[in-house]
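Q: Hey, can you work out the whole structure from these sequences and the hints?
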Amino acid sequence: MSTIASPAGLILLALAVPFAASAVIPLFRRRPNLREAVTLIAAAVLFALVLAIAGPVMGDARPQWAGIQVLPGVAIAFQVEPLGMLFALVASALWIVNSIYSIGYMRANDEPRQTGYYVCFALALGSTIGIAFSANLFTMFLFYEALTLSTFPLVTHHRDAEAMRSGRLYLLLLLGSSLLLFLPAIIITFMLAGTVRFEPGGILAGTGGTLLAVLLGLYVFGIGKAAVMPLHRWLPAAMVAPTPVSALLHAVAVVKAGVFCVVKIVVYVFGLETLAAAGANDWLVYVGSASLLLASCIALTRDNLKARLAYSTISQLAYIVVGAALANATSIAGSGLHIATHAVGKITLFFCAGAIYTALHKTEISDMAGIGRKMPVTMTAFLIGSLSIIGLPPFAGTWSKWVLALGALDAGYVSVVAVLMISSLLNVAYLLPIVARAFFLPLPEPSAGAAKLQEAPAPCLVALCVTAALCIVLFFQAGVIENLLAGIFASPSSTG
Amino acid sequence: MEAVHTLINHYNYVITIFLMVGGLYIVIARGNMVKKLVGLSIFQTSVYLLFISPAKILGGTAPILDPAYSVYSNPLPHVLILTAIVVGVATIALGLALTVRINEAYGTIDEDEVLEKDPEP
Amino acid sequence: MSQLIAQLPALQVVVPLLGAVLVAFCRGGRTAYFVSLLVSLLMPVVSGLLLWQAIIAGPISYHLGGWQPPWGIEYHIDVFNGLVLMMVSAVGALVMPFAWRSVADEIDEDKQAWFYCMYLLCLTGLLGIAATGDAFNAFVFLEISSLSAYVLIALGRDRRALLAAFRYLIMGTIGATFYVIGIGLLYVVTGSLNIVDIGSRIAGAAAVYPHAVIAALAFITVGLGLKLALFPLHVWLPNAYTYAPSVVTAFMAATATKVAIYLLARFAFGVFGQAFDFRTLPVADIILVLSVAAMFVAAFVAISETDLKRMLAYSSVSQIGYITLGIGIANKPGLTGSIVHLVNHAMMKGALFLALGAVVYRIGSARLSDLAGIGRRMPWTMTAFTIAGFGLIGTPGTVGFISKWYLVAGAFAAGQWVLVFLIVGSSLLALVYVGRAVEVIWFRDTGPAAARATDPPPSMLAPILLLMAAVVYFGVETSLTAGIAERAAALLLGGLP
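Chains as they are written, first to last, in our numbering: chain B, 1 to 496; chain H, 1 to 121; chain S, 1 to 497.
Calculated from the structure, these hints are not laboratory results.
Positions of the beta carbon are idealized from the N, C-alpha and C atoms, including for glycine.
Please note that the accuracy of each hint is not assured.
Here are the simulated SDA-like cross-link-like pairs (lysine to any residue), alpha carbons at most 25 Å apart as the crow flies [stated by the list, open to error]:
#: 1; chain 1: S; residue 1: Lys111; chain 2: H; residue 2: Leu24
#: 2; chain 1: H; residue 1: Lys35; chain 2: S; residue 2: Arg160
#: 3; chain 1: S; residue 1: Lys111; chain 2: H; residue 2: Tyr106
#: 4; chain 1: S; residue 1: Lys332; chain 2: B; residue 2: Lys362
#: 5; chain 1: B; residue 1: Lys362; chain 2: B; residue 2: Arg302
#: 6; chain 1: H; residue 1: Lys117; chain 2: S; residue 2: Met171
Stretches of chain H that chain S covers, calculated by requiring three or more beta carbons in the stretch to come under 8 Å of a beta carbon on chain S [as the list claims (entries may be wrong)]:
#: 7; region: 6–16
#: 8; region: 48–56
A: Okay, structure coming up:
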């Protein structure tokens with residue numbers, strides 16, 4: 001019987017904390033400060049627990065909780081391995097920052113239904129941790145669906161016609177793809193392999209190449225949260241949500257859950273050798289690259305800041321999918337690294353977008369001339385985030401793009417290196433002009449009744465400064481992440 | 001010729017089929033509820049015939065044990081049909097009761113007229 | 001005590017029958033209610049004991065009146081019909097506390113005693129069909145349950161219930177009569193009415209009279225198809241479920257069609273499966289095609305419905321398509337999916353219709369436009385509704401997922417990739433109609449009709465919440481439902497994969 005302090009107990013605690021928080025938050029609906037405190041405490045406790053689990057995992061342990069059997073061969077079970085560890089660390093750390101930002105944003109914009117908002121956030125984070133720590137496909141699927149359902153009220157927060165329309169598209173695309181493609185893929189995997197557990201080296205050895213390719217397709221398109229084109233439309237549609245929700249969707253939980261699932265399945269269900277030997281991953285490299293470039297091109301045409309960032313995200317997610325498709329140790333390390341670096345970079349950009357909206361009520365880039373003078377901190381953070389996304393030193397994104405390029409060369413795909421370079425140029429083209437416009441163009445004449453120009457509320461500023469700093473910190477600490485990820489391919493020393 | 005002979009020899013089954021199909025036709029083709037029930041009743045009657053016809057064993061006597069006879073007609077289908085008749089009676093009675101209530105509620109017992117008053121959604 | 005245990009199969013049927021007679025002599029609705037409540041609460045105990053015995057000791061054979069089968073009537077209870085018995089009696093027991101207020105609200109005072117009399121007769125009939133091992137006895141119980149069902153439906157408040165009951169009567173009687181024709185043909189070629197006995201003789205009979213056996217199969221399939229509302233023979237169902245009293249809809253949606261499906265499976269595999277491999281028969285393909293048609297067409301109609309009761313009725317036709325699909329696939333995972341969905345759907349639809357019954361009790365209507373924003377006024381009820389709705393979609397963590405899992409596994413094992421995607425594709429349709437209802441219930445401002453609503457009293461809320469808990473519990477802990485269903489499927493297929 002595992003005790004609370006044992007790794008298995010820690011896993012269960014880490015899962016319990018956000019779900020318990022979601023039950024406790026409604027009790028304080030009339031005391032907003034206490035209510036927000038519950039969220040912050042829960043986020044901090046969760047991060048501490050995840051850190052506590054991280055220690056043993058860095059040392060090659062693989063804590064697990066054996067779980068409840070649902071069907072013969074299918075159970076709800078958890079096991080922590082390096083990829084999941086990284087994802088959980090990113091998610092739990094950024095929840096704290098995002099909650100601080102939410103407080104500033106929601107109060108400054110006087111948003112309604114805030115209690116429900118924080119409850120759904122907690123549920124979404126709980127589901128994310130569930131995905132990160134899942135030991136098999138069923139558990140992953142269970143929490144994946146829970147994530148979709150818990151983020152739906154967040155996307156439709158404003159409850160107006162446009163929000164409901166977008167929410168319906170969101171639900172239809174995500175639930176639809178998961179039911180139509182992801183679920184059959186899981187069942188077929190079960191029928192082929194006799195199990196749905198994640199095992200190092202995969203469980204599908206000995207399956208034919210065509211079947212593997214088809215199955216891979218079912219997974220990649222079934223995991224709609226990875227936003228591989230053409231199943232990407234939900235992401236721009238979800239921009240109708242309040243900005244902290246978009247930050248959550250784009251950095252912390254939903255999209256990262258999607259690509260995390262893809263990478264984890266490629267490594268632990270298919271197995272890199274099986275996949276590469278059968279050549280079943282070839283098509284995905286090309287489809288992923290196409291998604292990458294196309295989304296960047298579309299981003300160039302979008303004047304709405306959040307829409308531009310949404311398409312940028314679709315493009316950046318494709319990096320991770322291509323890394324998985326290249327199917328070698330280096331490219332997987334690059335994918336994992338990109339999960340972390342893109343998260344901090346994008347969340348900074350979204351925080352800035354939300355700050356601009358809160359302070360100036362501006363959403364279109366063409367309106368944002370000269371705002372750098374009035375919001376210097378925000379726009380500097382935006383610059384840092386942009387440079388990280390573009391991949392210039394000394395910002396975190398440099399390393400992930402570097403390792404991904406190395407992975408492409410290792411796999412013999414020189415074309416992918418070219419794609420990465422072109423994409424970086426496109427990133428420059430759609431991100432830097434925003435900064436340039438903000439700093440180098442003059443402010444327009446203030447019209448009668450325009451909002452007073454000022455910086456964003458304090459909690460928002462704190463949050464975006466923290467994430468911008470993280471972009472720099474991760475540049476120097478990338479080695480730690482790489483060591484963690486190397487553990488994927490080392491043989492595990494112990495479990496428990 | 002063979003076919004005609006078979007038909008004539010199995011006239012009881014021919015009648016059965018005729019009643020069966022005729023009864024079903026009335027149920028479908030007539031809108032008046034009492035007529036529908038009549039058709040249903042005819043249809044059910046054909047089934048009684050279907051069961052009883054094979055029960056009569058050629059050369060068999062009434063199913064009462066007697067040392068002088070060795071071949072008896074089969075009494076079991078008669079038992080089954082008694083049950084089925086009772087079920088049929090209950091069904092028709094219930095159907096007629098419903099017809100009375102529909103008449104009270106709508107003022108007509110024609111299905112089409114009832115549907116006019118309360119159109120299908 | 002062991003004397004009592006030995007008589008349980010008979011008691012399962014006789015107790016509600018005597019209860020019905022007793023209630024017929026009652027004047028007031030209250031006495032009638034308490035007798036019905038007592039009987040309904042006893043039935044799961046009996047079923048549970050029978051199922052438990054069938055699981056550990058193998059099939060129970062009870063000779064009615066001491067007459068030896070195949071001349072006498074035999075009650076044959078194995079894991080399959082033990083599970084069905086358990087399901088019917090459990091639903092009956094859960095529906096009774098709900099009925100205390102719901103019936104008082106929806107049915108005239110002077111008719112309430114007769115209502116409970118008919119309800120107990122319906123229960124008798126359904127339990128009898130599941131318990132008996134004699135084909136003609138099954139017909140008798142089929143008609144007992146159907147006739148009482150027609151009366152129950154006709155007791156609805158809306159006058160359209162009368163026509164709905166009449167049409168159900170016509171179609172149901174034709175169905176039962178077709179079934180009897182099939183039984184007659186089987187009797188003529190095998191000389192027996194005992195289902196197990198017919199099964200052992202049919203191979204020989206089919207060799208000599210193949211046309212008669214095929215004709216019998218056809219009649220039985222169509223006859224039971226009318227009873228179980230197989231597309232396109234489902235036409236009676238939407239009106240019957242919509243206009244019947246809430247308790248009746250909940251009870252019947254969960255049980256009546258399921259028992260007919262049980263009987264069909266019993267004949268398809270236990271009788272005809274002994275002569276031919278069911279999979280090789282064209283009828284299996286026909287059932288497959290009709291099931292897929294049911295799954296999609298009924299779901300499309302459900303999407304366009306504005307009355308929630310009607311929407312759920314069409315949803316039932318769609319879900320019945322899933323169950324018959326498993327029978328059409330006819331391999332072990334497929335049949336397991338069928339049987340487990342029999343039980344799972346009873347839980348989900350029971351919860352949904354009872355929740356709607358609570359809404360009708362509070363605001364008198366189940367139209368979607370009247371339910372705007374009612375989630376905030378009736379949170380517990382609507383949470384149960386939402387969770388059961390997720391079950392219909394097949395969300396993991398609910399029972400619906402388990403059924404879908406097995407059905408997809410069955411389709412894949414049969415090499416039918418198209419079926420795999422058809423099964424999950426129809427879940428998308430369920431997503432649309434459930435999603436639409438959930439959106440109106442939770443995400444709209446509270447309308448004038450919904451403003452009067454509050455959660456129903458505990459006697460009505462408890463069964464709803466219990467069923468909701470069951471939908472989640474049996475979605476995770478499946479040894480009782482899927483475990484037994486697997487054994488039943490193995491039993492029916494008799495060793496075929």
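Q: If you draw a straight line from the CA of Lys362 (chain B) to the CA of Arg302 (chain B), is it 25 Å or shorter?
A: 15 Å, holds
Q: Are the Cα positions of Lys117 (chain H) and Met171 (chain S) separated by 25 Å at most?
A: Since the Cα atoms of Lys117 (chain H) and Met171 (chain S) sit roughly 22 Å apart, the hinted pair holds (cutoff 25 Å).
Q: Hey, Lys332 (chain S) versus Lys362 (chain B), does the alpha-carbon distance stay inside 25 Å?
A: 61 Å, violated
Q: Take the C-alpha atoms of Lys35 (chain H) and Arg160 (chain S), compute the straight-line distance between them, and say whether it is at most 25 Å.
A: Holds: Lys35 (chain H) and Arg160 (chain S) sit about 20 Å apart, inside 25 Å.
Q: Mind checking the alpha carbons of Lys111 (chain S) and Leu24 (chain H) for me, to see if they're no more than 25 Å apart?
A: Not OK: Lys111 (chain S) and Leu24 (chain H) at ~34 Å, beyond 25 Å, violated.
Q: Are the Cα atoms of Lys111 (chain S) and Tyr106 (chain H) separated by 25 Å or less?
A: 21 Å, holds
Q: Three or more residues of the region 48–56 of chain H near chain S by CB distance under 8 Å?
A: holds (count 3)
Q: Please check whether the region 6–16 of chain H has three or more residues whose CB lies within less than 8 Å of a CB on chain S.
A: With 0 residues close enough to chain S, the hint is violated.
Hints 1, 4 and 7 from the list above are not met by this structure, while the remaining hints are.
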